[in-house]
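Note that the protein sequences, when read in sequence, are chains A and B. Counting from 1, position 79 in the first sequence corresponds to residue 79 in this note's numbering; the numbering is continuous, with no gaps. Counting from 1, position 202 in the second sequence corresponds to residue 202 in this note's numbering; the numbering is continuous, with no gaps.
Hints are computed from structural coordinates only; laboratory data are not their basis. Do not rely on the hints blindly, as some may be mistaken.
Sample of chain A residues facing chain B (criterion: CB under 8 Å; computed from the structure) [said to hold, decoys possible]:
{"id": "1", "residue": "H33"}
{"id": "2", "residue": "Q35"}
{"id": "3", "residue": "L61"}
{"id": "4", "residue": "A63"}
{"id": "5", "residue": "D66"}
{"id": "6", "residue": "R67"}
{"id": "7", "residue": "V83"}
{"id": "8", "residue": "Q87"}
{"id": "9", "residue": "P96"}
{"id": "10", "residue": "R122"}
{"id": "11", "residue": "V127"}
{"id": "12", "residue": "V128"}
{"id": "13", "residue": "H203"}
{"id": "14", "residue": "N210"}
{"id": "15", "residue": "V212"}
Not close to chain B: a few residues of chain A, all C-beta gaps over 12 Å, as computed [as the list claims (entries may be wrong)]:
{"id": "16", "residue": "V64"}
{"id": "17", "residue": "S124"}
{"id": "18", "residue": "R126"}
{"id": "19", "residue": "T190"}
{"id": "20", "residue": "T204"}
{"id": "21", "residue": "A206"}
{"id": "22", "residue": "A207"}
Heads up, the beta-carbon is just placed ideally off N, CA and C, and yes, glycines get one too.
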Amino acid sequence: MSTTRRGVAVEAPLADDLFRLGHDDTTGRPRLHQQVAGLGLAAALLGELCLAGHVTVHSGLVAVVDRRPPTNALAHTVLDQLVGESQVRQLRMWLPFLAREAYDQVAHRLLRAGHLRSVRTRWSRRVVFQPADSTIAAWPEARLRYTLHGHREWDHSDMVLAGLVAATGLAEQILWGFHGDMRRWFLSLTDWLPAPLAELVAHTEAAVGNAVLTHRT
Amino acid sequence: MSRLSSGGPTSNVHTALAAGRLGVPAVMFFVLSAAAPLTVVAGVVTTGYAVTGVVAAMPLAFLVVGAVLAVFSVGYVAMARRVANAGALYSYVTHGLGRPAGVAAAWMALLAYNALQVGLYGAIGAAAAPLLHDWAGLTLPWWAIALVAWAVVAVLGLLRVDLNGRVLAVLLCAELAVIAVYSVANLAHPAGGTVSLATSSPTNLAVPGAGAVLVLAVLGYVGFEGAVVFSEESRNPARTVPAATYASVAVIGITYALASWAMTVAVGADRIVDASRELGPELLFTVAGIHLGTTAVHIGHALFLTSVAAAMIAFHNACARYTFALGREGVLPKVFGRTGRRTGAPAIASLTQSAIGLTVIVGYAVAGLDPLVQLFFYAGTGGGFGVLLLLTLAALAIVAHFIRRPSLDTTWQTRYAPIIATVALAVMVVLAVANFATLLGVDPTSPLRWAIPAAYPTAALLGLAWALVLRQTRPDVYAGIGLGADAATARTPAVADVPAAVAVKPPYPANPSYHGRAGDRQERQ
């Protein structure tokens, strides 16, 4: 939804942006706990559908309002799941359900688009993902900071992104060096979102918190 | 929870989410490892005999308190089906008695669970010091061992290491087996040759100081209230949580009553107070060692330490969870609701509890106080009394909740049982306050006699005042009290008519003299 400094138009869906923010822009090292990252990306996938007008959220329930297939393959998959399981409507069931696969799904979407490459680690020989271009990988962070400085207006996609960043505990990644008004403004951005998107962000924050509270120790 | 039971049984979403859920045994293992049976039998019971000097009432007190808690649980688990919240006790008080009472209960809970947790550092220090001397010839002060235990708990809390459910289960079963074997051996070798049923007579609860023993019994059960925390994680919340709660109360009650009675039988009811004063927690193992040999004693010792350790971690996590939930609500500063990014642990809440633990250990070491009586027993009984108060408030809240929100549960579940539990728990509170000097084993004129029980009303009043401040100054936070992490959803903004695609401008001007990072600067060109 934005352009990089090279002027290349990057059609960056919400979940891709959140994935990039959740990983180091050069090494690809994850910045978030797996469970939290999953919940955040699940919310971002629902957010993409919400922003594109396919689904809406009200009183904690998800409803499909437009069944026409989205152009994005992953968005299509998620929408199909929502349509196929229409008897399940609670957002708080969809979040943990989608969270189980969201991480891999988004990673593979980025992989298919050439934004990530898979690398074997030297010691454990595990496959990890690394950004193919660290400039593009760093773009969401730069964009949010730039927008927060007031050089650009907030669109809904970035406001949801900001909300999910705060909900998953990544806010400091954006907010370092910011003080007072700007911090408060960033953390209250969701207040300006349309109700369905604001609710999506609020339930993500609640789900992340509950995951901590119900941890089995 | 309607959230879990709605939708068709064939739904992929339900099937997928149900895969990792907990059954009755799993929930019981988590609950009972917090209750720490061997810690209670070896530590609380013996120290209780030694400090209070009340013997006859102990086994019966466990049964009576077990019965009261079973009745309490009827309404408790019925409420758990209505109120989905992992914060449990204080959120029930909020739902039943209002938000100010909820914050008061939360403050009391923080105090009580922290006291229970730090008390265990005294227990592990006092118990492990002689064992290390025996096993390895090391002579360490209690506080050195306590500090090692503290460091382990602090690190595990920060890393959010999964305590493996299977390991907990094996340790717990071993603990229960050891208690059973010891008790049978004790009963087979009664002092004076005959098994005395004297301690099982109901008249024993009429002896002076019996109220003190009731608090000790409640202390033994602490942990049973945790089963409802797992309602959203359990396979069938409507059945798993009630079954696990009742079964835990039954297992705890029978184990403790049997073990404490068997000990008096083996030592002799007339000699057990002196023997406890002399040997402390070692009494259980020494008596068992006479009949079962040293191997049984070594096994018992090792399990005692793992039992204390498991309880320490469980209570640390309980404290951290409470603090975290209050931070998420905004009742405590928001930073307490922050998680460790990579670990997903309630990092700040966990660090805070560790800081409290460290302060207490260092304070006791510097002041040269006794780890067993003055730390473990005072903090433990103080915490146990706090939990008794919380249970009483929760019982009252359950009554109030079901009066205002009629449900399809039976009248026994929503009316009679909660009312009986409230009255019984209130009587126990009165008896406990009346006998607090006996409970602590101090002179009736000692300031501790009032200082410890008075800490809770003080905390409650502060909580109440704070809730009223929040109502005036932060209505959004006030609205979320008692909702735990779900408080985020209570704050969903009221800006309903935001135009669909209009960008929002920040309330401050763009900064023309902005010098950001290199990447950011290039963006402006």
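Outcome of the hint check:
1. With its C-beta approaching chain B no nearer than about 3 Å, H33 (chain A) sits inside the 8 Å limit, and its interface hint holds.
2. Nearest Cβ of chain B to the Cβ of Q35 (chain A): about 6 Å, under the 8 Å cut. The hint holds.
3. Nearest Cβ of chain B to the Cβ of L61 (chain A): about 11 Å, over the 8 Å cut. The hint is violated.
4. For the restraint placing A63 (chain A) at the interface with chain B, the shortest Cβ-Cβ distance is roughly 15 Å, beyond the 8 Å limit, so the hint is violated.
5. Checking D66 (chain A) against chain B: minimum C-beta separation of about 14 Å lies over 8 Å; hint violated.
6. For R67 (chain A), the interface hint is violated, the least distance from its beta-carbon to any beta-carbon of chain B being 18 Å, above 8 Å.
7. Taking 8 Å as the C-beta cut-off, the interface hint given for V83 (chain A) is violated, the closest approach to chain B being about 13 Å.
8. For Q87 (chain A), the suggested interface contact is upheld, since its CB lies about 5 Å from the closest CB of chain B, less than 8 Å.
9. Taken as an interface hint, P96 (chain A) checks out: its beta carbon lies about 6 Å from the nearest beta carbon of chain B, inside 8 Å.
10. Of the supplied interface hints, the one on R122 (chain A) is violated, with its beta-carbon coming no nearer than about 21 Å to a beta-carbon of chain B, more than 8 Å.
11. For V127 (chain A), the suggested interface contact is broken, since its CB lies about 20 Å from the closest CB of chain B, more than 8 Å.
12. Look at V128 (chain A): its Cβ only gets to about 15 Å from chain B, farther than 8 Å, so that hint breaks.
13. Hint status for H203 (chain A): holds, given a least beta-carbon distance of 6 Å to chain B, under 8 Å.
14. Interface restraint check for N210 (chain A): the shortest CB-CB distance to chain B comes to about 5 Å, inside 8 Å, so the restraint holds.
15. Here the hint on V212 (chain A) is kept, as its CB sits about 5 Å from the closest CB of chain B, short of 8 Å.
16. At the 12 Å boundary, the C-beta of V64 (chain A) stays outside the reach of chain B, the nearest C-beta of that chain being 14 Å off.
17. Non-interface call for S124 (chain A) relative to chain B: holds, since the shortest CB-CB distance, roughly 17 Å, exceeds 12 Å.
18. The Cβ of R126 (chain A) sits about 17 Å from the closest Cβ of chain B, beyond the 12 Å cut-off, so the non-interface label holds.
19. With a least beta-carbon separation of about 7 Å from chain B, T190 (chain A) fails to lie farther than 12 Å from that chain, contradicting its non-interface assignment.
20. Here T204 (chain A) does not stay apart from chain B, with its beta-carbon only about 8 Å from theirs, under the 12 Å limit.
21. Its closest Cβ contact with chain B, about 4 Å, brings A206 (chain A) to no more than 12 Å, contrary to its assignment away from the interface.
22. Distance check on A207 (chain A): its Cβ comes as close as 8 Å (rounded) to a Cβ of chain B, failing to clear the 12 Å threshold; non-interface status is violated.
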